[in-house]
Amino acid sequence: MTTTTRTDEPDAALEVRDVSLRFGGITVLDGVSFEAPRGGILGLVGPNGAGKTSLFNCISGHYQPTSGSILVGGTETVRTRAWRMAQLGLARTFQHPALRLDATVLENVMLGAHSWLPGGPVAWSLRLPSTRRQEREARQTALELLERTGLGWAAGMPADELSHGLHKGVELCRALLSRPRLLLLDEPAAGLSHGEVEQLIGTVREVRREFELTVVIVEHHMGLISALTDRVVVLDHGAKLMEGTAAEAQSDSRVVEAYLGKEAAADESA
Amino acid sequence: MATTTAPRSTTGTASSATARWKGIAAVGVLAVALVVAPLVSSPYINYQLSSIAVFAVAILGLNIVMGYTGQVSLGQSAFLGLGAYIAAYGILHGWPGPLTLLLCAVVPAVVGMLVALAAARLRGLALAMITLALPIVGVPLARRFDEFTGGSQGQVVSWLRAPESIGLANDQWRYYVVVLIAVVAFVLARNLVRGRIGRSFAIVKENEAVALSMGVSPYRTKVLAFTIASLLGGVSGFMYLAIVQYTSPETLVFATSINLVAAMVIGGSASIVGTVLGAVYYVLVPVLAGQVNSSRTALISGAVLLAVLFLLPAGLVSLPRRLARLRSSRGRPPQPPAHPTTSDEAAQPASAPPAATTDQHS
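Which chain is which? The protein sequence lines are A and B, in order.
First residue of the first sequence: 1, per my numbering; consecutive thereafter.
First residue of the second sequence: 1001, per my numbering; consecutive thereafter.
Just so you know, these hints were derived from the structure itself, not from any lab.
Where hints are given, some of them may not hold.
Stated by the list, open to error - Distance ranges between label pairs, derived from CB positions: (1) B:Leu1319 <-> A:His164: 26 to 36 Å; (2) A:Gln95 <-> B:Gly1302: 43 to 53 Å; (3) B:Tyr1044 <-> A:Gln87: 48 to 58 Å; (4) A:Gln87 <-> B:Ser1041: 50 to 60 Å.
Said to hold, decoys possible - Sample of chain B residues lacking proximity to chain A, with all beta carbon distances greater than 10 Å (derived): (5) Val1035; (6) Trp1095; (7) Val1157; (8) Ser1165; (9) Gln1172; (10) Tyr1176; (11) Arg1199; (12) Ile1258; (13) Val1273; (14) Gln1291.
The beta-carbon is built from N, C-alpha and C at its ideal position, and this holds for glycine as well.
Working from the sequences, and respecting the hints, build out all of it.
Written as structure tokens, this is what we have:
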């Protein structure tokens, strides 16, 4: 467990090893381990309060696990600061999309280019020709991403004129503009209409293939999980309950029990 | 200014092109006005215009850290004072002007950065308290170190006379010097807030968790914003000495910081144009209020402040938008005098937005 092997092309884009997280006396995560194979889509499911988002926050560096180790692309990241994770090729979206509502959609997406756009305050104050060129190129890429996710028409609009569902699309574009290798989606289908979920499924498949991404999704929407994921990891009370395909998880008695409670599960099997 | 509000209609490319030409024309008119103004104005007016340039740069710095990055700073007057004292010391010791200006930028920037390296870990009230301490500590320090500062008496520095060959009066020459510095500061700041760094400022203000996930370090961003604010504060101190020719501990009193914050909010937070409007407010309202009633200046200034904040919460910069909305609602067929029935209230929000969009083309 403690040996760290570093290869250039590890099979797992993400390895979570025995991660625990405690806040004071409360154990939020208890020895969780799993791997996300390169190029795959992994689902992270479980009832409310199971620790899914906390685990996400550990992976993205927003929380530091109490113990355990997390490898992104083969690099140990438990001690890496959250804002350096983007440079390691990790991007994430949030349960509640956090956009600058007064800014345009394009301007919101452009934030995604921050980690790879060069130039400090002096270069940007002077608007050096190279700086302007790179900004233009990033803007072009941002527009292309918006076009591809069906949001090209909204690029110049202030974000507050868009619906919640479209905000999620903008947030996805912002994450993609950071050129990630590993993309974490926190409840991407929450609050979306049926049609929007269908579109989201298509978009995630497409970008996964095109950008050779590894995707990890936290989600309650079982339709989306079944349609998208190769494997799912089920969490309950901060511990891993089982791992398998979405179909296996849905028929697993422990999972049904975790979601519905013991008695209801007994009723159902009776 | 016009460029930011206009391109929202469906005819996107055409209207943004005309908006750009309007913007270029506006900048051209402004440039000519800035050059011609001191030639046709009295020394008193030139002094007031120069004051606007001075405080515009101080407010610009404050707007970078507070308006754009969302970090409370109540210490801007300390950097203005520091810049003024460095300028006075340099001029009295015969340093060349450009070198003095450079030091007036660099030294406050370094001081601001050192303070921010400690203070940027804090937020909200704790940060406000730290920044508030700067002028409160600065004033007694300026009194105590009288071999550098001239103590409570302050220092008269007679400098920046117009070269004889140019044929300008001193007030005109000083106007051109401070306005040139202000224009350079505004162009650089405007560039900065529009690109990569500006986006990092904005997201640190909006949501630090998102900033982190996009590769922005909130801590470094705040330190940078404070450093730039201090730098601009120091430069405004240099400009202050250029036109006032005198500095004393009064220059950096805490009240000045508060007035600068008020001016920034009144002009328009996170807005370059708003910064200028804030400076106009800062300089002109006390003058005008003094003309109305010299014993009630503070009272009248306060009333104006409350009135502006009540009518234009987003600052003076939002006035054109406000007026456009008012005009569009007036332009509708005259409605019967308000009968606050429920059906009337329900109908109004539905009819207002289309009116607003059609009126934007005119």
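Tested hints:
The hint said 26 to 36 Å for the Cβ distance between Leu1319 of chain B and His164 of chain A, and at roughly 32 Å that hint holds. For Gln95 of chain A and Gly1302 of chain B, the hinted distance range of 43 to 53 Å is satisfied, since their beta carbons lie about 44 Å from each other. Range check, Tyr1044 of chain B to Gln87 of chain A: about 56 Å between beta-carbon atoms, so the 48 to 58 Å window is met. Restraint check, Gln87 of chain A to Ser1041 of chain B: a C-beta distance of roughly 54 Å satisfies the suggested window 50 to 60 Å.
Non-interface status of Val1035 of chain B relative to chain A is upheld: no Cβ of that chain comes within 10 Å, the nearest being about 24 Å off. With a minimum CB-CB distance of about 24 Å to chain A, Trp1095 of chain B clears the 10 Å threshold, and the non-interface call stands. For Val1157 of chain B, the shortest C-beta to C-beta distance to chain A comes to about 30 Å, beyond the 10 Å cut-off, and the non-interface label holds. Consistency note on Ser1165 of chain B: stated as away from chain A, and its beta-carbon is indeed over 10 Å from all of that chain's, at 32 Å minimum.
Every CB of chain A is more than 10 Å from the CB of Gln1172 of chain B (nearest about 29 Å), matching its label as outside the interface. Once the 10 Å rule is applied to beta carbons, Tyr1176 of chain B is consistent with being away from chain A; the minimum gap is 23 Å. Not every CB of chain A is more than 10 Å from the CB of Arg1199 of chain B (nearest about 5 Å), against its label as outside the interface. Here Ile1258 of chain B stays apart from chain A, with its beta-carbon at least about 26 Å from theirs, past the 10 Å limit.
The claim that Val1273 of chain B is not at the interface with chain A holds, since no C-beta of that chain comes within 10 Å of its own (minimum 15 Å). Residue placement check: Gln1291 of chain B keeps its beta carbon more than 10 Å from all beta carbons of chain A (closest about 38 Å).
Violated hint for the displayed structure: number 11, the only one.
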